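Q: Chain by chain, the residues:
Protein chains: 4
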Amino acid sequence: MNTSGSESERPTLGVGMVGYAFMGAAHSQGWRTAGRVFDLPLDPVMTAVCGRDPDAVRAAARRLGWAAAETDWRALIAREDVQLVDICTPGGSHAEIAVAALEAGKHVLCEKPLANTVEEAEAMAQAARRARAHGRLAMVGFNYRRVPALALARRMVQDGGLGALRHVRVAYLQDWLTDPGFPLTWRLRREEAGSGALGDLGSHAVDIAQYLAGEPLAGVSALTETFVRERPLPARDAAGLSGTGGAGRGEVTVDDAALFTGRFASGALASFEATRFATGRKNALTVELNGERGSLAFDLERLNELAFHDHTGPAVSAGFRRILVTEPEHPYLEGWWPPGHGLGYEHTFVHQARDLLCAVAAGEQPRPSFDDGLQVQRVLAAVEESAAGNSVYVPVPA
Amino acid sequence: MNTSGSESERPTLGVGMVGYAFMGAAHSQGWRTAGRVFDLPLDPVMTAVCGRDPDAVRAAARRLGWAAAETDWRALIAREDVQLVDICTPGGSHAEIAVAALEAGKHVLCEKPLANTVEEAEAMAQAARRARAHGRLAMVGFNYRRVPALALARRMVQDGGLGALRHVRVAYLQDWLTDPGFPLTWRLRREEAGSGALGDLGSHAVDIAQYLAGEPLAGVSALTETFVRERPLPARDAAGLSGTGGAGRGEVTVDDAALFTGRFASGALASFEATRFATGRKNALTVELNGERGSLAFDLERLNELAFHDHTGPAVSAGFRRILVTEPEHPYLEGWWPPGHGLGYEHTFVHQARDLLCAVAAGEQPRPSFDDGLQVQRVLAAVEESAAGNSVYVPVPA
Amino acid sequence: MNTSGSESERPTLGVGMVGYAFMGAAHSQGWRTAGRVFDLPLDPVMTAVCGRDPDAVRAAARRLGWAAAETDWRALIAREDVQLVDICTPGGSHAEIAVAALEAGKHVLCEKPLANTVEEAEAMAQAARRARAHGRLAMVGFNYRRVPALALARRMVQDGGLGALRHVRVAYLQDWLTDPGFPLTWRLRREEAGSGALGDLGSHAVDIAQYLAGEPLAGVSALTETFVRERPLPARDAAGLSGTGGAGRGEVTVDDAALFTGRFASGALASFEATRFATGRKNALTVELNGERGSLAFDLERLNELAFHDHTGPAVSAGFRRILVTEPEHPYLEGWWPPGHGLGYEHTFVHQARDLLCAVAAGEQPRPSFDDGLQVQRVLAAVEESAAGNSVYVPVPA
Amino acid sequence: MNTSGSESERPTLGVGMVGYAFMGAAHSQGWRTAGRVFDLPLDPVMTAVCGRDPDAVRAAARRLGWAAAETDWRALIAREDVQLVDICTPGGSHAEIAVAALEAGKHVLCEKPLANTVEEAEAMAQAARRARAHGRLAMVGFNYRRVPALALARRMVQDGGLGALRHVRVAYLQDWLTDPGFPLTWRLRREEAGSGALGDLGSHAVDIAQYLAGEPLAGVSALTETFVRERPLPARDAAGLSGTGGAGRGEVTVDDAALFTGRFASGALASFEATRFATGRKNALTVELNGERGSLAFDLERLNELAFHDHTGPAVSAGFRRILVTEPEHPYLEGWWPPGHGLGYEHTFVHQARDLLCAVAAGEQPRPSFDDGLQVQRVLAAVEESAAGNSVYVPVPA
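Protein chains in written order, with UniProt numbering: chain X, 1 to 398; chain V, 1 to 398; chain A, 1 to 398; chain B, 1 to 398.
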């Protein structure tokens, strides 16, 4: 017997990806793996990847497993064999690409933050609403919603396990800018990145806080700071998160750190911190929720664990329990390994691909939607307005 | 041979304590133990304790080991055999007792927060300055400076181990008010407690942040909240931290939680949280400092440990190390047990007693002084002003 | 421009896999991913997978991405487009398949433990030595050597970071047999599994201990136990690690737990524990090494972390540091994500595939070799001999 | 009003202590504090302390608060004002002092291990049984039974929270002998210490294992090792746990480390490790019990915490919870501080004093009794016999 195992009767969906750096590599892992682990209603086909440098994009296609390479994103969008456009570029180009793709009748997955400004985000959300009317769907890539422990946390909050929420506490701490000799890459320039730690890390923090709380922030009060105001210009090949300095120096035009507090309409208080100067913290997205009936705590550096305190039992045996989120009953775990055999960072992209493909097959709006992304953008704008206005409390428009 | 071992040629210092609840019991343990563990220049004598209820104060004297009991603090102060007055009452009575004691020529140890208002604290600080001119000394009981791990942290910061500070992050989380049925004890009434979580927990957070950073806060922006606005009136014997409800209900007139951010003059950012609604957190004073050269982290629920990340070594072997602060070279440890044999909460009061007795013997100003306590009070006032003023940033007067 | 990105000029290596359950799925992930993350000298081609049930193996091929399905392992071995045979079956069939594959001129990767008996393992090691003379290579799949933290630990020991070793302490704790209603799957029958916790978990423990110590065990003393001696017969579809009971009951013929101590020739002591009855421990392979100059500690449930205590520095700042093993300088990390973005369990199979492909391309013996696997088997046999002989110390043949 | 607070109507019990080094200081803290925290039926009076060096014992009496000093333990025993003799000397002198004290009609508290040999322990246990007939009581100081977390663990096991026990795992790891330059103090000489890590640390491990399991060990298999066989002779003032080397070198005549496994009659397996060469582990007495219904874990370096896994609930929310053992419902906590305000090492001696005084007042046998101590001694002897006999399993006499 000899049966071609890779043939499948499932319908396929051609994916075209723009950008192939860190995020592009992570998304590729998601597209490549989702169908090998989960039962998908649609088989993703890694049709083409797009980048400006012909040699580099060809090499990336080969390395990451894309069938073709394009150097113009408009050409990628125009391809008939591409039904979904996956945008992995810096934030400044999201709006233009996403709107064009949606208008060309493609589904869109767009990396976070949705855009660099509220205006761009509004345009994108409107385009998504129009496209939705024609059966085209758009999603923003807040991938941490797909960490099993955080998806479990969401479920526990929704099931009432915490009761009335009192506190939501989210910090996202990294340290890769501690060295003043780190070069001025695109992530440190406002025109490309929109903002600094706020947009890059704070957007994740805000999205996950609202996702877990199940409601939007009502308002915020903020401080931001740029500790190192001038840095060496990057050498030619420096990428977003690494690289070496070249000749000359330039001004850092984004924040290095943002601290903000906020209120939910329900009365819960929130506190946020986003920084790239927390020496020794590498990717510490820490989350804690305290409610009347219990609490949850999470640290992305130990992403297979969720701490849960049940306050309804006897005090004599109460305490934060470390749930190893690797049981078959846990979100996304049905496709993976036996209990205790943990997952890693990139698995969030596998789960994201799965959820998006399921939504597309079902014709249902995937979440977080562009409207969700727009709402996060409004929080970020309120943070910047508060920080510019002596920290005065700024309501977030509904 | 039969030698009276308890005779000592050391000079003595008569101590009179006002208040004998939780803090009084802890201070008693300090006075009783200090000379058994450390070589003291002065032997404290537990002369008299004072409280309003004659039977209760007598029982407390017997239980805690005080030679006499008084029912009027003025009588206590008037005793010739009392040279140091230790004030363990609620904040609303601190100023009157402390000023009177200083004016009567006594040394004073006053529990934190120094007072309920800036005005009271100023009067106390002035009285302390006047008394200092006559050789009488005053200290405020921010006992967490005497946790060995935090004293070690201070030393490491002062020695330059962290370089330029970027972030100071302090939260003090408890959960004993989560239950809306918890009664309205004195700690929930503004006239006695001054404020709620802010004064009780936030004052510790502010003091330790400034102590570790080595500089005062320049300004703050704040949110406060009272989650449960009405509570059962306490049964007759309800104390500060526990008790059962009686008949009737009353209004909670203090904050349940306070969140604030701030700036140090050096440019470092600070974030604070004080709450009694962090379900599952019992006494979680957590501290983190991030500097250019390293970071420190601490949790009072694991008070024998200090985490230190040295950022100056190779990344390949870097990471937060857990220093078990039980080595003879660590602060206060020369008198205690072999490495790994940890201390507890009350040891901070033993260390406080030692440091104060050493300062009195040497005629040197003990720290934190009443001026230090006043400065903390000013930060708390700025927090309340900001919270009342839509979170606008409020500078702290120098 | 439109370039077929998946074409590559690299030479390829056809892989044929026998077995497609848990291990087969994990190996598939390895073969599929290695070339997308690392620069490989050889491109693995997922040529064919083999299993007895035609429908099931076809479905597995489709799911896991193998181009063809075979139902007879001899046919798989006979395929000209298969150059490497990857054996993922229960231990009882390893020897026959591996020897046949090697004799057919194939490279072989064989799951651990190498075999069910020393005799089988010896035959396999001999076959591997003969094949080596003809340029064919064999490796045994002790995949935990490829956890970056453990590879780093090995490097640190070899670099002298621990000095003379005193203690090696390895426990491998799981709990999936706690329930007496768990059925009698193949892993609980001696004829298929060889032994119980000892062979399944203990073999990993022994391999990693010897790998990290850099030397073989000299002898062991052991206790074994079968806590639940009779279990329900499995329903028809019950697999190794899960399943439901069917009708009837049968005898458990393997150990539920094995405890043993041992000595290394260097004088270091070792302690081992392997059990499936450690309630609450899901996949807790914990390792600790204590040496004159330092110590290392690891827990597979937190696989991105390695704890290191440097005993050569001042005691005042010493302590176990938590190295987040996600830096580009760490083993295997050059191909993955930025610092703090952790890996999961299955990444060990990606690394294993990479290392084996590199060895094949270079014509060098990959480790662990079949001789290494044989040596582990000899330790397991000594453990069983000691356990059967009243725990008397049994030397391990060199 | 002026009432002498320290007068009490409670009957008193005169205590005489032999030895005033580390253990003597810790016991003194216990005697001094117990009545200040707990309601005792008997007030201990710190009557006299005994040591050979007149100046040193006088200084110790003054420092530790004993009313008198004696230089001959027989004189101490002869004192009419001493009703309880507390023996804090090295193990070699326990039997002689304890038997004499009991025969003189005194209650006795004897430090662990009970003795250096089974013979001595048997004589002591017999003397205790005879004294019991005359109302005199004897207890051995396995103080870790009085760590609140371990007392809670015992209660949970007895209440059936773990179901049938499968595994008991106890390690006691220290590192103060890692340096080969550490001098040859009494703890390293067989004639004074009886054994090395085995008696000092292993005795604690055995006692706590049996206490928690609620049954004695049935037999053991053991390895022991002396890593550093020769050390510098101590300088004149070197004590047990510290000190500097003097001139000359001598042979270490005790074990540096002992590893043993064992069986309980119930069928549970046990594993033990005692060592002073676990670099970086300062006082790591770690305990884990796995039962059919749940598990418990403890680490003395974090003594206010007990980890508990409840295996009877749904797997989706199961995990080891960290119980902060500081609630008023927890053992010994009624007398101490509010939740989260942790205790330290020496509190075990306060609790030990309380329990012994309560037993004396009630005329009930305190535990651990000398019979309990004898049983531990028999386990230690079986360990040594096994280690000397090629690790063969040695039953422990009932």
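Keep in mind that the hints are not guaranteed to be accurate.
[Unchecked claim] Just the calculated beta-carbon pair ranges, DEER-fashion:
1. Arg10/X - Pro54/A: 52 to 62 Å
2. Gly181/B - Ala78/V: 57 to 67 Å
3. Ala21/A - Asp159/B: 32 to 42 Å
4. Asp55/V - Thr12/B: 19 to 29 Å
5. Glu215/A - Phe22/V: 52 to 62 Å
6. Gln158/V - Gln365/X: 35 to 45 Å
7. Asp39/A - Pro395/X: 18 to 28 Å
8. Ala398/B - Ala315/V: 17 to 27 Å
9. Pro395/X - Ala315/B: 40 to 50 Å
10. Gly163/V - Ala56/X: 11 to 21 Å
Just so you know, these hints were derived from the structure itself, not from any lab. Quick caveat, the model's predicted, so the values are computed rather than measured. Built from N, CA and C at the ideal position, the CB exists for glycine as well.
Q: A separate judgement is required for each hint: does it hold in the structure or not?
A: Verification of the supplied hints:
One distance hint, 52 to 62 Å for the beta-carbon pair arginine 10/X and proline 54/A, is violated here, with the actual separation near 21 Å. In this structure, glycine 181/B and alanine 78/V meet the distance hint of 57 to 67 Å, their C-beta atoms being roughly 60 Å apart. Checking the proposed 32 to 42 Å range against alanine 21/A and aspartate 159/B shows it holds: the Cβ atoms sit about 41 Å from each other. Separated by about 23 Å at the C-beta atoms, aspartate 55/V and threonine 12/B satisfy the suggested range of 19 to 29 Å.
A hinted range of 52 to 62 Å holds for the C-beta pair glutamate 215/A and phenylalanine 22/V, which are about 57 Å apart. A beta carbon spacing of about 56 Å between glutamine 158/V and glutamine 365/X contradicts the range 35 to 45 Å that was offered as a hint. At about 52 Å, the CB distance of aspartate 39/A to proline 395/X disagrees with the hint of 18 to 28 Å. At about 58 Å, the beta-carbon gap between alanine 398/B and alanine 315/V misses the expected band of 17 to 27 Å.
A beta carbon spacing of about 43 Å between proline 395/X and alanine 315/B agrees with the range 40 to 50 Å that was offered as a hint. Checked against the given bound of 11 to 21 Å, the beta carbons of glycine 163/V and alanine 56/X, roughly 38 Å apart, lie outside it.
Hints 1, 6, 7, 8 and 10 from the earlier list are contradicted by this structure; the remaining hints agree with it.
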